[in-house]
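As given, the protein sequences belong to chains A and B, one line each in that order. This note's numbering puts the first residue of the first sequence at 1, with every later residue one more than the last. This note's numbering puts the first residue of the second sequence at 1, with every later residue one more than the last.
Bear in mind the hints are in silico, worked out from the structure with no lab data behind them. Careful, some of the hints might be misleading.
Claimed, not checked - Below are the SDA-like pairs computed for lysine to any residue, each with C-alpha atoms no more than 25 Å apart in a straight line:
id, chain 1, residue 1, chain 2, residue 2
1, B, Lys-44, B, Arg-80
2, B, Lys-71, A, Gly-196
3, A, Lys-30, B, Gln-74
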Amino acid sequence: MHPTYVMLFEMLMEAVGASISFLTAYYSLKAFRLSGRRPLLYLHFGFAVLGVSMMSRVFGSLYIISAIAMPVSVRGMVGLISTACGVMRIASYGLFAAAYSGGRRVEMAVLIPLLVNPYTEFVCVAVMVYVVVQSAINHAFVKTSESLLVFVAFLLMLVSHIMFTMSHVRAMLYLLAHVSQLTGFASMLTMLLKVGREVGEG
Amino acid sequence: MGRVRYRSRIRICVDILRVILREGEVGPTRILYGANLSYDRLTKYLSYLIDLGLIEEVKRGDHVVYRLTEKGLQFLSEFRRVEKFSRAFGIEI
Chain A
1 MHPTYVMLFE
11 MLMEAVGASI
21 SFLTAYYSLK
31 AFRLSGRRPL
41 LYLHFGFAVL
51 GVSMMSRVFG
61 SLYIISAIAM
71 PVSVRGMVGL
81 ISTACGVMRI
91 ASYGLFAAAY
101 SGGRRVEMAV
111 LIPLLVNPYT
121 EFVCVAVMVY
131 VVVQSAINHA
141 FVKTSESLLV
151 FVAFLLMLVS
161 HIMFTMSHVR
171 AMLYLLAHVS
181 QLTGFASMLT
191 MLLKVGREVG
201 EG
Chain B
1 MGRVRYRSRI
11 RICVDILRVI
21 LREGEVGPTR
31 ILYGANLSYD
41 RLTKYLSYLI
51 DLGLIEEVKR
61 GDHVVYRLTE
71 KGLQFLSEFR
81 RVEKFSRAFG
91 IEI
């Protein structure tokens with residue numbers, strides 16, 4: 001497949017994911033302003049940083065598409081974009097973990113991205129395993145469709161990171177990873193729409 | 001023995017509003033028992049909710065009753081959405 005089409009595909013997927021991330025961040029902030037519960041603020045920052053990370057990839061992809069036509073080496077830029085986005089993802093997943101842990105380890109969640117090496121996908125997987133387990137435990141207790149959708153969303157994001165990590169072995173996994181990530185965000189969006197449709201008495 | 005979990009201010013307000021919503025127009029005694037509050041705290045919260053425009057005081061002869069305003073109804077609706085969203089992530093408010 002021509003690199004331009006790959007980058008366009010990447011841009012589209014990341015743009016959709018970023019939009020849903022920002023929407024979730026907005027709703028989290030709304031919930032925090034109403035209730036004052038700190039974990040909601042961590043959730044807000046987590047989704048906001050995740051959205052920024054994904055938008056960075058969109059702009060990075062745009063740059064690479066424009067550079068492909070010119071005799072300019074993009075290898076260094078690709079590496080930089082990849083590392084920067086990976087670090088931001090770790091920070092956002094760390095904030096999700098902090099939201100589930102009640103904010104006791106938020107300082108470590110923010111510091112971790114500064115301490116790790118560039119193999120960020122492995123760290124993302126490690127942190128996301130914790131987030132997925134916590135969301136599964138939450139669903140086991142509350143048993144609502146919304147909590148199930150959140151669990152499914154985080155699980156699919158974890159699966160996407162595993163596939164991204166393995167995509168150097170089989171290129172098809174790169175495509176499947178994006179599909180998994182997008183489906184995860186679709187699950188999050190479904191939850192937001194479900195919650196937003198609530199009307200009537202409190 | 002488990003740790004005592006105190007209600008937040010917003011939770012107490014919502015409990016009061018839900019009692020009023022359930023009853024329609026209701027006097028302070030029914031709210032007291034429904035929301036499980038002391039009289040002193042109840043009067044403070046009722047003043048607070050009236051100042052916010054979420055409830056209004058109505059005189060019925062010698063008695064005073066409270067009812068939800070349109071703003072109060074919208075607030076409860078919005079709180080329910082926020083509650084569902086937060087619970088989806090395991091955060092209780």
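Going through the hints against the structure:
{"no.": "1", "hint": "B:Lys-44 / B:Arg-80", "verdict": "holds (24 Å)"}
{"no.": "2", "hint": "B:Lys-71 / A:Gly-196", "verdict": "holds (18 Å)"}
{"no.": "3", "hint": "A:Lys-30 / B:Gln-74", "verdict": "holds (15 Å)"}
Violated hints are absent here; each numbered hint is respected by the structure.
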